[in-house]
Structures are given as structure tokens and as C-alpha cells.
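A.B. asks: Build the complex from these two chains, which are given one at a time in their own frames, with help from the hints.
From first to last, the protein sequence lines stand for chains Z and V.
The first sequence begins at 24 in my numbering and counts up one residue at a time.
The second sequence begins at 5 in my numbering and counts up one residue at a time.
Hints should not be assumed to be uniformly reliable.
Listed next, the stretches of chain V that the computed footprint assigns to chain Z, with coverage defined by at least 3 CB atoms under 8 Å from CB atoms of chain Z [unchecked claim]:
#1 92 to 102
#2 113 to 121
According to the in silico footprint, chain V covers these stretches of chain Z (three or more CB under 8 Å from chain V) [unchecked claim]:
#3 70 to 76
#4 98 to 108
If you are wondering where the hints come from, they were derived from the structure by calculation, not from laboratory data.
Every residue, glycine too, gets a C-beta built ideally from N, C-alpha and C.
What follows is the residue order along each chain.
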Amino acid sequence: MPKGMIILVSVVMLLLWCSQATYAHESVVLIANPSTQPGNMTRETVRAIFAMRQRTLPDGEAAHVFVLPDKHPLHERFTKEILGVYPHQLRLSWDRLVFSGTGQAPNQVKSIEEMRQRVANTPGGLGYLEKGAVDDSVSVFAVE
Amino acid sequence: MIASAFLQWSNQRCRYLYVTALVMATMASSISAARADVFDTVQAHGFLSQALIISRHNDFFGPSSKDAGSLQYTEVGANVSMRPSNNLLVSAQVLSRRAGDDNSSYEPRLDYGLLDYQFITGNNRVAGVQIGKLKQPFGIYNQTRDVAFTRPSILLPQSIYFDRTRAPALSSEGVSVYEEEHLPFGILYFQAGVGKANTDSNVKHTIWNSNVPASIDGALSSIGQVVYEHGPGNIIAALTIADANIDIDGPHGAPDRYSFKPIIMSLQYNHGYWSLTGEYALRHQSFTGGSFDQSVVGESWYLQYTQRFLEDWQWLLRYDSLVNNRDDPKGKKFEADGRGADHSQFARDWTLGLQWNATPDLLLSTEYHHVNGTGWLPRDQDVSDQYWGMFLLQASWRF
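Just chain V, same shape as in the assembly (with noise of 0.2 Å):
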């Protein structure tokens, strides 16, 4: 699987990749001749997971619910960094990720890759730049959000990290500035970026929820963060706020612009071993452009528990909530406009799970998820009940 997914390496890709390749290895000779020591400071990393996925009643991530489950959830990715000088960082990831049989979407891409500059790095604070195709900083796990080392769970709370739209909220290519302010007692964290939207089929798919003939391409988008870390880090506070859009080229009177625009407030207490985590997040919806001018906005909460025990061991409870419409939450409106079922506008799910650092670069995990509503699973998929259950086994290996 994962042979087949690195043949599918697409030229442009490689392009990427080789204009990426070459920046570093300019920018390294131009500084060896220097300072041969710059290369002391290339570092590889990289990781591997798969997952099986076993479910009850609907699909999630392939056949889930057929014979012995599914193996189409698969991430893989490595990176290279280096530090040509003092201040400046330059670092590029590929990453191949399967969630489901969508086609070619696991073929490997540039997940980031940029160009760090910290101009200020004093005792009271530090400054940077970062230019580049950029992760978002949404919420507390999205820049990371498919390295399954630093996942609770081996799924993400699906109310915020969802899969559908998760493009424009992953990564941008655009500009971003951040601030680091200590204080005598914390951190005050802040970094705002501006680009343009990164887009996908899956995107597309959920923009239009058919096969209308269209293209849609990213368009300027923002992002604003503040986090404030009490201590090292035994409370922290942020909020995130983003403006994602998306243009539409597709037939007459169709609406023109795609936008998101969600707001989130995250909040967790660690007391080493044991934490508790929570998320609120409104989503602002909107087509405008042609004759729609339609806006919606979801909730998005969830609240988690995970401790650590027997020093490699962590065990998780979460219960996440999506609401995809704050005006409608039951879907009943949404059922009774003939447009759907009313469970498909909601998803509560009880999670239990389990992690195993076997070795340090070994993760091994578990988790069940007990969950009422559709909300958050594959539009194109039909048949779905209200009441569903999945078991997730996964491994994940790093260097």
C-alpha cells in the first residue's frame, strides 16, 4: 500500500519537492563555504502509521463495517530542517495520508515548507517570520494533527479535526508573525498569518455535495492566534481565529465564494500526569456570489480526560459534540425540507482509548468510539444509521 501510494508520485509534486531542494542546497553552499558546521544541523524525521478500522452499521475511512474492517487509514511522512544561520530555520515535509478509497488523494504532497526567521531572542521575548506553505496554528493539535505521536487518540475529536473540509483549515501558503512575551508568571503567545487557502476533492466534494462541473481555488485567507501558557505549561488558553475562503468557478448563478470562518477557544490543565482538555468552536459557514447569499453556523465542543499510568501507558475519555447547524440542531428542519435525515446534522460521540509507548519510537493504540448522529462522516455516503460503534487498532513508528 505504501509502495503503491510513493509510485504514485505526481510530477508536480516532485517539482515542489525539487524547487524546495534547491532553495536548501543553495542556501547551504552559499553559507558552508563559511561555516562547514551549518551542516551539522540537518536533521531527517519522519513517521509511519496504519490503522484498522472495525465498525458498526456505517463506514468510516473504507469498509469499515464489511468482513474484517479497514485498512485504508495509512499516514506517512518525513522532513528535513537545517539552520543555515543563526536565527534562520528552513524546513520541508512530505506527507502521503489515506483516510478512506478516495482515489489519489494519498499520493505524497508538500505537507509544509518554509523559511523561519526569529529576529528577536531575548530573555523577555522572542519574534519570527515564517514564509512558505505554512500549518495552521487551529486549535491545540491542527499543525500536527497527522502525526499519531502527538495525537491523545488515534482520531482526532472529530467535531473540530474533521476530515471534510480539512484543507483550508490545514495549511496555507502565504506569511505568518509570531511573538513569544515571557512573563514572570507564563507565556503569552501570538502569531497571525495571511494566504492563501489550501483546497482538495474532498473539499469540492463538500462544497457542492454533487458532481456540478466546477474548480474551486484557494483565495486570500487569515488566521489569528493567542495562547497563554501559565507556568511550564500546566494551564494554557488560546484563542484561535481564522478566516478561510475558497472561489468557485462553476456554472451560472452558482455562488462564487466558499467562506470559514471559525472561532475556537481551547483550554487545558496538566498536572503531569494527568490532563484535562476542552474545545469550543463556532463555524461560520457562507456561499456568497451569483443568486446565494446562505450562511451557517455549527458548534463544535468536546471535553477530554487522559492519564498516564505505569509510565508508558495513557488512557483517554472524550465526549465530542457537533452541531452542524446552532439553528437547527436536531436536523428536524433540515429533515422536514426533504434534504436529508435529521441525525446527519448532529454527531455526539463517547470515546475510550488507549496508548502504549512500546519503545520510544514505537506507539501502539486503541480506542472505541460510541457515537449517535452522522455529522461528521462522508456526505457521498448514503445509507447511514443514527446509532454507530467503531473499534480503531493503530501502530505508528518514527525516526
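Extracted from the complex, chain Z is given alone in its bound form (with noise of 0.2 Å):
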């Protein structure tokens, strides 16, 4: 085989190893309190209460969103695979709700352990976690 082939056909093995170890990571999902009944939410609800211009849920329950420190790596996988952007959009569109009186921003939490734990504790509470991460303590919500 010549060299040039070698070259490449390791380039693409590793390029494949490395897609799969990206894809290692378990998926991320959407959490909220067991009290909480936010029914079928599109991604254009979960958007608008994650960014904090909707206030309450589909069955009017109040809405109390949690989120990880903008450069949690988890925080980041959450914007991009489940809301679509990236966390220093959110962050602007926090900020200018924010600063113009017509939103707050979001409670944020310090680990995951303390997502889970306030979102558990929280009536309306909404977060994300790990898939694996996930036990009886918070309800997984799916996405439509």
C-alpha cells in the first residue's frame, strides 16, 4: 500500500475514532420537578422559557428555569443540541430582557448535583442533567 494511502486511511480511522468518542458523551435531557405537568413542549416552548421570554408553562404554572455557569460543559451541550444556540446568545438575550425590565434571568446553579437537587425541590422547576444522571427524584422530559 502505498504511503499516501496509509496517511490518509489513518487520518480517516482517527477521524472516526474521534466522532465516536464525541459521540460517547450520553445525551443530555430535559428535567423538570415530578409535580410539574409541563405536557407536550415543542422546542420553540422550551426555547422561549429558556431564554426567559415565557414565563410560565402550557398549563400556566409558573416557571423557574436553573442552569449550569455559561462555560459548563454540560450548559453548552444543552444550548446547542437541545435549545440551538450557543450559550453567549443566550446570555445577550438574558441580558437585554434583563436590563429592559421585561424578563429576569434564569437561577443559576453551581454543580449537578445542585441542578438536581433544585430542581427536585422546586415546584415548576425546570433544568437539565446527563441521561445517566437522571433518577427518581426529577421527571425527564422529551422534546417534540
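C.D. replies: Okay, structure coming up:
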């Protein structure tokens, strides 16, 4: 096999391995307080609630949004995979609401464990976790 | 400087705040009997920005072309908000802003104070009403134009977000309704408001361009905005139409009304790490009443590219153009009529900027402006050069 071909195959193998490594992450899921009945929420509704433009869930209950810091890897994955935006874009939309009086900032938690606890203890609480980190204290909601 | 700004706290502004605080406290106490967790929704945020401006030939916000430049660009704000019930948001912000040495204009004042009630919050639609002193949804940046963290540069494109008549464009006391429609491929957002236009001494000086004894008062004004956001905001297109009116009580024969009717078209493309933004505005201004019936149509537009890199950095390149009168874009007629220099009737500004989010709460920015024309400089500045430049540095902190 020519040398060039060996290099090419190696590069392709490496890329495949890298992409598999990326997919080795567990999927990030939307979680809610067990007493909350968000019903079927569309992606636009989830986006409107996490962008803090919509203050209640479709059933009328007040939404309490919990997020990790902007640079937390799980926050980054949640915003990109579920909301389809980058953390800095989400931060800008929060700032525009907070400083024009038309919305509030989400509640920021420091760790994944705190995220689970706060969502579990707050009626109307919404947040996110890795699928494997979910336990009975919170419910998981599919985004349509 | 900031301390002295707070010392200038006037009784009238305090009354505003007392009333707002009282309303909030009353609402809070009436609801807290039933739900103590309402207090968990109380939030307080604020910001503080200080800039240094060093310019060549002309001054901007203070004596920026002299000695070591001007520090007369300071913005300090603080707000509180709470949700007394599921659908209701109450919020108020106090702002102290110094932009040049214009006497007392940096005394703290109520920036906004409002009730926002969302009466529809479904999967397909969100609708609400706002009552109080409201920030105007004017173009892309107006509602938070004094907050450095929401601006792509230290100065917003001055052709559209200029300082001289910022008050009527900034806020009004009235009522506004909004609706957000969730479509399969994006969001359609609609807002319309009526109220009494905001005024200040800058507006008076701009209207009169002299020391004629007169008083001005905001009159019934309206604004409407339609925004379409494609996908999660990849493409944002907006149309804003406003009609801001100010009553003038001046000498015999003077006009009795000043009207400002801008139409702004905004378009933004967001590609995650870079954005291309353009806005185009036609600005109708008129004086009517008395022996006056003057109107002039100005034209403003800018094109701006921003790119994020190394995660916390962003650079910007912008071209911004202002023409005061579309019928006299180069100011030739203006000068021939003996009303002033031709270059005071337009401004073309190239801006190169850099921002660094040193921490999530600290933003450091710098930018350079190369400007041809003095169209958006303060009118009382009688000695001005056509070609000028300025260099700005700004530190901004928030909580």
C-alpha cells in the first residue's frame, strides 16, 4: 500500500475514532420537578422558556429555570443540542430582558448535583442533566 | 464621580422610586400571605461602565481632544424585579448616565418601571401587556442601549442610536401589548405601544438650537415593531415604526409641536461565532404650528460585522452613515443658506473595535472611529473639523 494511502486511511480512522469519542457522551435531557405537568412542549416553547421570554408552562404553572454557568460543558451541550443556540447568544438574550425590565435571569446553579436538587425541590422547576444522571427525584421530558 | 452623581439624587426622582417601591411592597405583602415563595423570585442586577475617550480635532462626550482625553462617559444602573404571581412581572431600573459635561443630566433617574402581565402562554403563542414607564422597542439595540454588555461596541452606530434626541426614542410612559407566535420554522414577534414621549434638556437644545425661553412636554406618541426570528435566531428581521411627539410652549409665532417619525428596517444574520447586522432608517422630523410648517427627512444606515474568537474575544468592523436631510445630502444648500458648515449635515464613520469578556462579569472594550462629517456631534460645538477620529477604552462591570 502506498505511503500516502496509509496516511489517508490513518487520518480517516482517527477522525472516525474522534467522532465516536464525541458520541460517547450521553445525551442531555430536559428535566422537571416531578409535580410539574409540562405536557408536550415543543422546541420553540422550551426555547422561549429557557430564553426567559415565556414565564409559565403551557398548563399555567410558573416556570423556574435552572442553568449551569455559561462555560460548563453540560450547559454548552444543552444550549447547542436542545435549544440550538450558543451560550453567549442565550446570555445576550437574558441581558436584554433583564436590563429592559421585560424578563428575569434564570437561576444559576454551581454543579450538576445542585441542579438535580434545586429542580427536585422547586415546583415548576426546569433544568437539564445527562441521561445517566437522572434519578427518581426528577422527571424527564421529551422535546418534540 | 459616581458618588457625586448619587449625591445629586433629586427629590422628584426619589418620589418616583418611593412610589415604585411602595407598589412593589404592597403587591408583595398582599400575595406573600398566600405564598412566601414569591420572595424567592426577587432579583437585583446592575452595571457600571466607565470610558476614556481620546479624540483628534473634535470633542465627543467632554473635552476628549484636550490633554489626556475625557472621562465624561459613565453609565451606572441598578434594577429589581419580582414575579408576584405566575403571569406577572414587576420591575424597575434606576440609571445615572453622564455623556459629556451637560450639567445635571447624570443625576439618577427612573429608566423604566413597569408591570408585565402575560395572559397567554401556550405552545404556539405568548401574549402580554406592559404598563408603566417602558423602554421603546426601537431597532435592535435601543431597549438596553445603556448597558455595555448588550452592545457590540462602546458606542452604538450613532446614525440611528444618536444621543441628541435619545430621550423620546428611549422610553415613554404608557401601555404596550406584545404577542409572540411560534411558527414551525421560527418566531413572529409583534409589539405596539402608546404613551407620553420622554424628554430632556438635550431634546430641547436640539429642537431650539438656541436659548429661546420655551418649555417642552411629551405628547401622545406611538410605536410598533414586527420581528421575525428564523430558527433559533439565525436570521432576525425587524421593522419598527414610531411617531414621537413633543409639545412646545414658546414665544409667539413659534412652532407648537415637534414630531419625530422614524421607520427602521433591521436585518441580522447570526452564524454562532459571527454576525452580520444592518439597519436602515428614514427619519421624518417636523415642526408645525405658529408660522412654521417645516419638515425634513434624514437617512441613516450601517453595516456591521462581528466575530468571536478565543471564546471570550470579539472584534467588530462597521461602516455607519448619517444624512440629516435627504434633499441636501452633502449639506451644500445648508451652507449656501448661511446656516452652518456643509459637513455638519452628514457623518460617515468607520469603526474598528475589540471586546474581551475578562470574566463573566467584567467586559473590557476598545475601539477606533474614523469619521468624515460632524452630523451627530452636539450642535453647541461651533468649531468643528470635517475629518476627525477618536479612540475609546471602556471597562464595564455587572452583577
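A.B. asks: Each hint: holds or not?
C.D. replies: Now for the hints, and whether the structure bears them out:
With 4 residues having a Cβ less than 8 Å from any Cβ of chain Z, the segment 92 to 102 of chain V passes the three-residue criterion, so the hint holds. For the segment 113 to 121 of chain V, the proposed coverage by chain Z is satisfied: 4 residues have a C-beta within less than 8 Å of a C-beta in that chain, meeting the threshold of three. Requiring three or more residues with a Cβ within less than 8 Å of a Cβ of chain V, the coverage given for the segment 70 to 76 of chain Z holds, as 3 such residues are present. As drawn, the segment 98 to 108 of chain Z meets chain V at 3 residues by the rule of a beta-carbon pair under 8 Å; at three or more, the given contact holds.
Of the hints listed earlier, there is not a single one the structure fails to meet.
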